[in-house]
Each structure stands twice: as C-alpha cells, then as structure tokens.
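J.: The residues making up each chain are set out below.
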Amino acid sequence: MPLYGSLDITQSPARLPTLANLDTEAWTLPKAEMMQLLIEVPRTTTEALLPKAMHPALPSYVILAVTKYPESPVGPFNLAVLRLGSRAGVHPRGFLLGAVASSSAAAEALRTRWGFPIDVGEVKFVRRHDRIIGTAKKDGKTILDCALVDPQPVAGNDVQYINWVTAANAPLDGQTQPMLIQVDPKYTFYKSERGKPQVSAFDAAAWHAPNVTLADPIIGTCCTVDTDLPRIRFVMDPLKPVFQGTRRIRESRADE
Amino acid sequence: MKFGLFYEISIPRPWTPEKERTVYNNCLEQVKLADELGFDHVWAVEHHFLEEYSHCSAPELFLTACAVLTKRIQVGHGIVVCVPEFNHPIKIAERTATLDLLSGGRLHVGTGRSATWTELGGFGANPDTTKKSWDEFVRCLPKMWMQETFSYQGEFWSMPERTILPKPYQKPHPPMWVAVTSPGTEIDAADRGLGSLGLSFAGFEEQEKKIKEYRRRIQNCEPVGAFINEQVATTNFLFCHEDEKTGVEMGKKLGNTFNYLATQLISTREVYSSPSYQSLGLLPALRRAATGPDANEQQTEGMAYGDPARIIRAVKKWESLGVDCINFILNANEVVPQDQVMASLRLFAKEVMPHFAKKPGHVAAAAGE
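Protein chains in written order, with the working numbering: chain X, 1 to 256; chain V, 1 to 369.
It should be emphasised that the hints constitute simulated quantities derived from the structure, not laboratory data. Don't take each hint at face value.
Far from chain V, by Cβ distances over 10 Å, these chain X residues were calculated [what the hints assert, rightly or not]:
#	residue
1	PRO13
2	ASP23
3	THR28
4	ARG248
Only some residues are given here: those of chain V computed to face chain X with a beta carbon under 8 Å [stated by the list, open to error]:
#	residue
5	THR263
6	ILE266
7	GLN278
Where a beta carbon is used, it is the ideal one built from N, C-alpha and C, also for glycine.
Work out the full structure: start from the sequences and follow the hints.
T.: Structure representation (structure tokens):
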C-alpha cells in the first residue's frame with residue numbers, strides 16, 4: 001500500500017507552534033497576489049520531513065510560494081512558504097515545512113492560530129512584465145530568491161491550489177498535544193498567469209528542510225485571488241493513517 | 001453484452017523479481033482460463049512509474065504472451081499513449097500489426113494521452129499538447145496500417161515515404177478505441193468513429209449521459225479509420241461468490257485497494273496548470289471513491305461483486321444503459337488470493353454469462369472481429 005512519511009512529530013513537541021485552542025476565527029484576505037512555483041525534489045530528501053500519518057506524492061515535489069496580502073486583520077503583509085506535496089489519506093495536501101512573514105503581527109497570528117512554523121523576515125513580491133520575483137531574507141540572509149519567468153495569461157480554472165497541513169500542539173480532549181491541522185483556504189480568481197519557475201537562491205536549512213535539493217521545475221503560476229484563512233475544520237492524529245485518525249472539529253462552511 | 005478482463009497489473013511492495021513474476025504469471029493463468037470460459041477480451045494498460053498501482057509498462061509483451069496462450073479471446077492494447085515522448089507512431093503501427101499477426105487477428109487498439117504528471121513529467125512530455133498529438137496519431141495509424149507506403153508532415157512528427165511493415169492481419173485494420181475518463185472525451189471518441197473505452201467507475205446516471213451523447217454524435221462522425229467502431233465499454237470490479245456477503249466484502253476490499261493505490265500518483269492538473277487538463281481525470285475520482293484501504297463504505301453503484309444474482313442485476317442495468325462490454329479488474333495488489341480469482345471467474349461464467357446473449361457488436365463485429 002502507499003508509502004508513509006517517517007517524521008514523528010510527537011518526539012519533539014517543543015519545536016512545534018502551540019495553539020491556545022482550535023476556535024481560530026477566519027481571516028478574509030482580498031486581492032492577494034500569489035506566486036507559486038512547483039519543483040520536483042529527490043524522494044530521499046523528503047521522506048524524513050513528512051509525518052507518519054501522511055503519504056508522499058510520487059514523484060516528490062515542493063511548492064515555493066510568495067504571496068502579497070494587501071489587506072488582512074493585522075494589516076498588509078507578505079508571506080513566503082515552503083510546502084511539501086503529499087497526501088492526507090486520499091487527498092492531495094501541501095505539508096507546511098517553513099514560512100517567513102514580513103510582519104511580526106502576521107507571523108504571530110499565523111503561528112498561534114493555524115500552526116505555521118514561521119519566522120519574521122523580509123519578504124518581497126515584485127511584479128515586472130517579464131517576470132514576477134519573490135525573495136525572502138531571515139536575519140539579513142537571503143534564503144529564497146525565485147521568479148516566475150515569462151508570465152502568460154491562463155484561465156483561473158486552469159489552476160488548482162491544494163489545501164495545506166500544519167503540525168502544531170493544540171488542546172483536544174482536555175490535553176494539549178501534537179497534531180496535524182488542515183488549513184483549507186478558498187480562492188476566487190481575478191487574474192491567473194503561468195510561467196517557468198526559476199530559483200537562484202534557496203537555503204534549504206532555513207526552511208526546516210535541510211536535505212532538500214531542488215531538482216526539476218514543473219511549472220509556476222501567479223494569481224490574483226480573494227482568499228482566506230478559514231476556521232479549523234479537521235485535525236489529524238500525527239501517527240495514525242489519516243483515514244483512521246481524522247477528527248472533525250466543526251461543520252463545513254455553507255459553501256462546501 | 002461482452003465481457004473482458006482489464007489489467008493494470010498492480011504489485012504490492014516489497015518488489016522482488018519473484019513477486020513481480022508471480023503476479024504476471026497469475027494474470028496469464030487468469031487469461032488462459034477466461035479464454036476457455038468464453039470471455040471476449042483481455043485489455044492491458046500502458047502505465048509507467050505508477051508504483052504498486054500499475055506495473056504494466058510493456059503491455060504489448062504481456063498481450064503477446066496472452067495471445068500465444070489462448071485461442072479465441074481478443075487482445076486489447078489499451079491504451080497506447082499517443083504522445084511522442086512515450087511512443088513513436090511508427091513503432092505503434094509496427095508493434096500493433098505484429099501483435100495482430102501473432103494473435104491471428106484478435107487485436108483491438110485503444111488510444112489515449114496519459115493523465116498523470118507522474119508519467120508525463122517522467123517522459124518530459126508537454127501536457128499542453130497531448131490532446132493534439134493524440135489527434136495526429138489516431139489519424140495516422142489507420143493509414144500506416146493500410147497504405148502500402150506512407151509519408152507524413154505533421155506538428156508532432158513527420159516521416160518521408162516508407163513502407164511500414166508488417167501490416168495487420170485484420171482487414172482493413174484492427175478496431176480502434178479511445179480511453180474515456182475526462183468529461184468530453186466521449187465526444188472526441190464519437191466524432192472520430194472510435195470505440196468508447198470507459199475507464200472510470202462512474203455511477204449509472206453519469207454513464208448514461210455519456211453513452212447517449214456518444215451514440216448521438218457518432219451518427220454524424222468523420223471516422224479516422226476505415227470503419228466506425230461504435231462500441232461502449234466500461235470498467236468494473238469482479239468478484240463472484242456463491243455467498244453474497246462474502247462476495248460483496250471481497251469485492252469492496254478489491255475496489256477500495258485499487259482506488260487507494262491511486263493516492264500517491266499525481267494527476268496532471270494537481271501540479272501543472274494547463275487548459276489541456278481542466279478535468280481532474282480518473283485519479284481524483286478513484287480517490288473520492290476510496291476512504292481508505294479497509295474502508296467499509298462503498299462506493300459506486302453497479303459494481304459486479306456479490307453472488308451471481310446480485311451481479312446479474314448490476315450487469316442488466318449496465319446493459320439497459322447501452323453498454324456493449326464490461327471489462328473487469330480482478331485484483332489489486334494481490335488482495336484476492338489467486339485461487340479465489342479463478343473460482344470467481346468460473347462461477348461468473350457458469351451463472352452470470354448465460355443470462356447475457358452475445359450481440360453482433362455494431363460495425364466492429366463485421367470489420368474487426
């Protein structure tokens with residue numbers, strides 16, 4: 001049967017973000033500009049990064065995303081993330097390995113409300129006609145310099161974004177414990193472009209993915225979307241297969 | 001109604017030479033029995049890199065073995081991936097003609113374009129152009145089979161005038177099909193006069209809609225070949241047992257296992273934004289159908305498992321919707337022991353098949369069978 005990840009997040013709970021509760025209120029994030037680059041990576045470099053409850057995608061790939069959020073409850077901010085393409089049960093998911101936010105308020109909220117493994121740094125999103133550029137710096141050091149080269153328009157329904165999974169400590173059944181959290185934003189597309197991914201700097205260790213080497217680019221997209229960070233609906237036992245260890249926290253939204 | 005076997009050849013980890021050989025031998029043993037029992041077709045897919053889900057990357061070799069071991073059953077090479085990075089069209093024409101000769105004119109040729117990034121990316125193929133290259137290939141193949149000499153200048157491949165050899169045994173050429181998974185491909189099939197080789201496990205309502213549209217459009221088609229192959233085949237799981245509960249339980253296990261194996265594979269749309277892959281294709285449908293390898297919920301209606309009476313009801317329903325042929329998946333990851341697969345085939349042939357008279361299958365029957 002499908003392979004599983006080998007990461008046991010219960011062995012190092014102190015390294016995980018901690019949520020005060022699972023009652024996180026949703027954020028509305030209008031007119032976000034999201035650049036997302038998908039790149040294949042060697043499978044041997046990702047096995048140890050994926051929780052035991054999840055399956056890897058075959059071939060292994062990562063998603064590098066740099067997003068400009070012009071409006072949010074904590075003001076405008078930029079966000080860079082690294083996600084690992086994977087599966088929660090039968091569902092495609094991006095397991096969040098690392099993140100950098102351009103504002104400390106945003107970083108604090110994302111860490112404590114949705115379980116982002118996030119630092120504060122300098123994140124830039126620059127749109128030019130020949131390319132869209134994303135950069136991230138931590139402690140003054142560039143940890144990501146990437147671009148979507150030669151963006152060409154595509155339809156919004158040509159683009160698929162998969163949901164995210166984070167690992168965090170959170171209270172459940174009267175006990176704060178490590179768990180996996182599904183983060184499933186919605187998207188309304190206004191503008192979509194597609195182009196070639198290009199990465200000129202990537203510090204894998206700074207993204208908590210020390211052995212990952214970027215191999216074969218797949219494709220890049222950049223979309224202007226109304227999106228959100230929703231209330232938490234599902235959490236998963238980090239050690240049991242997801243189809244056995246998923247708990248529904250609240251009902252789905254009316255539009256689902 | 002015709003009945004066939006459909007092979008993905010899924011093999012569980014850990015893979016050893018002996019295990020892979022055993023599974024292949026099990027499949028051949030099933031085909032030999034199916035031939036004796038009166039099954040009509042054996043189909044084998046072309047898939048690459050799909051771990052556990054399908055180790056059937058050289059179906060022409062497997063089907064050659066099937067042809068040699070059998071006398072009557074027809075061999076379906078399907079689908080051949082009609083994307084130049086996977087298969088050169090000259091090689092497709094040559095090896096299908098050879099297989100048709102070796103099988104004594106028992107070949108059907110299924111065509112398609114691949115739905116996974118796992119495969120397309122592995123071959124460095126451009127997902128944006130697979131529909132177009134498929135279209136070129138299916139228009140060239142009949143000419144390559146029938147014309148004494150052939151030359152071609154196309155977008156995806158070209159060749160100077162040569163004689164492509166050998167020529168197929170069947171005249172004018174073997175029946176052609178296209179894999180139908182994405183919505184709308186049944187229209188592609190109908191417009192070109194190709195058989196509709198349904199690979200999804202959709203329920204009655206969705207299939208009925210597709211079949212109606214296919215039948216309507218094919219009346220005004222421009223066939224790519226020398227004849228119209230108006231046939232609708234669908235795929236199903238088969239486990240037939242005297243005891244309904246036992247049959248249903250094993251059938252569910254088979255279906256859930258097969259569907260769950262699709263979990264790790266990457267559908268093209270998941271990673272590659274392209275107007276050519278607007279539909280998610282077969283994999284997400286399989287995933288939706290699966291909640292886990294041991295799931296007790298099932299699934300799509302119309303599955304051919306249970307006792308003979310239950311299976312007869314399901315097949316009658318498919319027949320009433322206009323399905324001409326049902327191709328059965330017999331195993332996945334060897335979750336059904338081989339002796340039970342063989343017993344299931346025997347019971348199906350004895351108790352179910354007699355309820356379904358053979359239809360003279362449209363144009364293809366005259367031309368290709």
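J.: All hints, please: hold or fail.
T.: How the hints compare with the structure:
no., hint, in the structure
1, PRO13, "27 Å, holds"
2, ASP23, "27 Å, holds"
3, THR28, "25 Å, holds"
4, ARG248, "14 Å, holds"
5, THR263, "5 Å, holds"
6, ILE266, "5 Å, holds"
7, GLN278, "6 Å, holds"
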